[in-house]
Each structure stands twice: as C-alpha cells, then as structure tokens.
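Undergrad: Read off the chains here:
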Amino acid sequence: GENVEQHPSTLSVQEGDSAVIKCTYSDSASNYFPWYKQELGKGPQLIIDIRSNVGEKKDQRIAVTLNKTAKHFSLHITETQPEDSAVYFCAATKTLKVTFGTGTKLQVIP
Amino acid sequence: NAGVTQTPKFQVLKTGQSMTLQCAQDMNHEYMSWYRQDPGMGLRLIHYSVGAGITDQGEVPNGYNVSRSTTEDFPLRLLSAAPSQTSVYFCASSHHEEQYFGPGTRLTVT
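Quick note, the sequences are listed as chains G and H, same order.
With our numbering, the residue at position 26 of the first sequence is 26, and numbering never jumps.
Each position in the second sequence, counted from 1, maps to that position plus 1000 in our numbering.
Treat the hints as calculated values from the structure; they're not laboratory data.
A virtual CB, placed ideally from N, CA and C, is assigned to each residue, including glycine.
Don't take every hint at face value.
Claimed, not checked - EDC-like cross-link-like pairs, simulated, lysine to aspartate or glutamate; straight-line CA separation at most 20 Å:
| # | chain 1 | residue 1 | chain 2 | residue 2 |
| --- | --- | --- | --- | --- |
| 1 | G | Lys71 | G | Glu2 |
| 2 | G | Lys71 | G | Asp27 |
| 3 | H | Lys1009 | G | Asp27 |
| 4 | G | Lys37 | H | Asp1056 |
| 5 | G | Lys97 | H | Asp1038 |
| 6 | G | Lys94 | H | Glu1072 |
| 7 | G | Lys105 | G | Glu83 |
| 8 | G | Lys97 | G | Asp49 |
| 9 | G | Lys58 | H | Asp1056 |
| 10 | G | Lys68 | H | Glu1097 |
| 11 | G | Lys94 | H | Glu1097 |
| 12 | G | Lys105 | G | Glu79 |
| 13 | G | Lys37 | G | Glu83 |
| 14 | G | Lys97 | H | Asp1056 |
| 15 | G | Lys94 | H | Glu1059 |
Unchecked claim - A few chain H residues that don't get close to chain G, going by computed Cβ distances all over 12 Å:
| # | residue |
| --- | --- |
| 16 | Pro1008 |
| 17 | Gln1011 |
| 18 | Val1012 |
| 19 | Thr1015 |
| 20 | Ser1067 |
| 21 | Val1088 |
Let the sequences and hints guide you as you build the complete structure.
TA: Following this line, the structure appears as structure tokens:
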C-alpha cells in the first residue's frame, strides 16, 4: 500500500519567516495530494491541494509543489503569522483512499 | 449547513463494553470515512463508504463495524472495546477528493 513520510515532525519559526514541510510518497499511482491544518481540539481542515498533472499551486501565502518523478511534494508558508501555529498533515490519494503523513507541529514565535 | 457532525465529543468505556460513534453530514456527499488519530501516527483509515449500502475496509478495520443505510449517516460501532482502541476518531465526508472532517470524538477505554 501507499506510504507517506513527512518531515520535520516539529518546526519553530519566527513570525514573518517562511516555513517548509516536505512529504514523500511511494505509490506512483497516487494522483491527488491535499494538505490539512489541524488546530488544537478540532478536525483537520483542507488548506490547499494539488493534482498530479500540476507542478505548483499558490493561494495567497501558501504554496504547494509536486515532483512526480521524485515522488515528493512540499508545503511552503511565507510571512508566517502566529495564527499559522498548528499541526499540518500531508496526504496522498489514490481512487478515494487517502494515506496521511504523520504530521508537522508548526510553532510561529511572535 | 452544519457540515459534518459527530457525537459524542468525549466517551470513556470499560474494556468489553460496546458503543456507537455517530456521524452525520448535510452536504449530500456520497463518500464518507472514519479515521483514528494516534500520537505520532497521523490519521489512519478504519472504514469507508462510497454510498448508501456500500462499505469497505480501510487500513485498520479490526474491532470496528460500520453500516450506511442513508446518505447522511455513517455510524461506527465498537462491539467489544479494548484499551488499544483509545484514540481520537474523526469522520469525514467528500464529494470527489476534497474531504471535510468532523470535530472528532475522544474515546478512552480503561
């Protein structure tokens, strides 16, 4: 089955700096890669996604890149703010089956 | 729209007891799924359903049963709770690949 590895497990950045979270996947048939943000005590919330026919996607301060050949994808958050502090999960999807990474706890220090 | 709702928010069970975690969505989504979230392990798929009357196993189905009699509801049953089932449980629904998660149920089995 699919295996998704996510790094780092924790990340601390100063407010205003950029944060990068990286994921790799094993199944080349996976074709949809969402990123979720989970705040304390809440369910994960989709923040951005990318499909296998696209290399990069941006939404304001958030961007995701995908390298299909290397089977890795990354989340980039620019100009971080304290409200970006949360746990972020990457995932790889094949035919509606979603495999999640183990999560990155991001702390933005004011 | 209420989105995805889950009840109860918290539950404590003794080993061997049974219970049902409730999940409902009002978005008319065909696809629903149950995940468990454990520290350091991300979210793991327990069972999923692609429509009323159709269910299938995910990555960690043992000890759990599901049924899908209506589009709106997807309950998760624990027939004989075990301490290994102590976890946070999330229900999700989706139209195509974008998943919407409920707020979760925190279950402790003593």
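Undergrad: Determine for every hint whether it applies to the structure shown.
TA: Consistency of the hints with the structure:
Between Lys71 of chain G and Glu2 of chain G, the direct Cα distance comes to roughly 12 Å. Compliance with the 20 Å bound is thereby established for this hinted pair. Distance restraint check for Lys71 of chain G and Asp27 of chain G: the Cα-Cα separation of roughly 8 Å lies within the 20 Å cut-off, and the hinted pair is therefore satisfied. For a cut-off of 20 Å, the pair hint linking Lys1009 of chain H to Asp27 of chain G is broken: about 35 Å separates their Cα positions. In summary, the hint linking Lys37 of chain G to Asp1056 of chain H is not supported, as the alpha carbons are separated by about 27 Å, beyond the 20 Å threshold.
Distance check on the hinted pair: Lys97 of chain G and Asp1038 of chain H sit about 19 Å apart at the alpha-carbon level, within 20 Å; holds. At most 20 Å may separate the alpha-carbon atoms for a hinted pair to count; Lys94 of chain G and Glu1072 of chain H exceed this at roughly 24 Å. A threshold of 20 Å between alpha carbons decides the hint, and for Lys105 of chain G with Glu83 of chain G the separation of about 13 Å falls inside it, so the pair holds. A threshold of 20 Å between alpha carbons decides the hint, and for Lys97 of chain G with Asp49 of chain G the separation of about 15 Å falls inside it, so the pair holds.
Restraint check for Lys58 of chain G and Asp1056 of chain H: the C-alpha separation of about 35 Å exceeds 20 Å, so the hint is violated. For a cut-off of 20 Å, the pair hint linking Lys68 of chain G to Glu1097 of chain H stands: about 19 Å separates their Cα positions. Distance restraint check for Lys94 of chain G and Glu1097 of chain H: the Cα-Cα separation of roughly 9 Å lies within the 20 Å cut-off, and the hinted pair is therefore satisfied. The suggested pairing of Lys105 of chain G with Glu79 of chain G holds, with an alpha-carbon distance near 17 Å, which does not exceed 20 Å.
For the given pair, Lys37 of chain G sits about 11 Å from Glu83 of chain G by alpha-carbon distance, which is consistent with the 20 Å threshold. The hinted pair formed by Lys97 of chain G and Asp1056 of chain H meets the criterion: a straight-line CA distance of about 11 Å does not exceed 20 Å. Between Lys94 of chain G and Glu1059 of chain H, the direct Cα distance comes to roughly 14 Å. Compliance with the 20 Å bound is thereby established for this hinted pair. The non-interface label for Pro1008 of chain H is consistent with chain G: the shortest C-beta to C-beta separation is roughly 14 Å, beyond 12 Å.
For Gln1011 of chain H, the requirement that its beta carbon stay farther than 12 Å from each beta carbon of chain G is met, with the minimum near 15 Å. No Cβ of chain G approaches the Cβ of Val1012 of chain H within 12 Å, the least distance being about 17 Å, so the stated non-interface status holds. Thr1015 of chain H, annotated as away from the interface, keeps every beta carbon of chain G farther than 12 Å; the closest lies near 26 Å. The beta carbon of Ser1067 of chain H sits about 19 Å from the closest Cβ of chain G, which is more than 12 Å, so the claim that it is off the interface holds.
Against the 12 Å criterion, Val1088 of chain H falls within the reach of chain G, whose nearest CB is about 9 Å from its own CB.
Figure legend: structure checked against the earlier numbered hints; hints not met, in rising order: 3, 4, 6, 9, 21.
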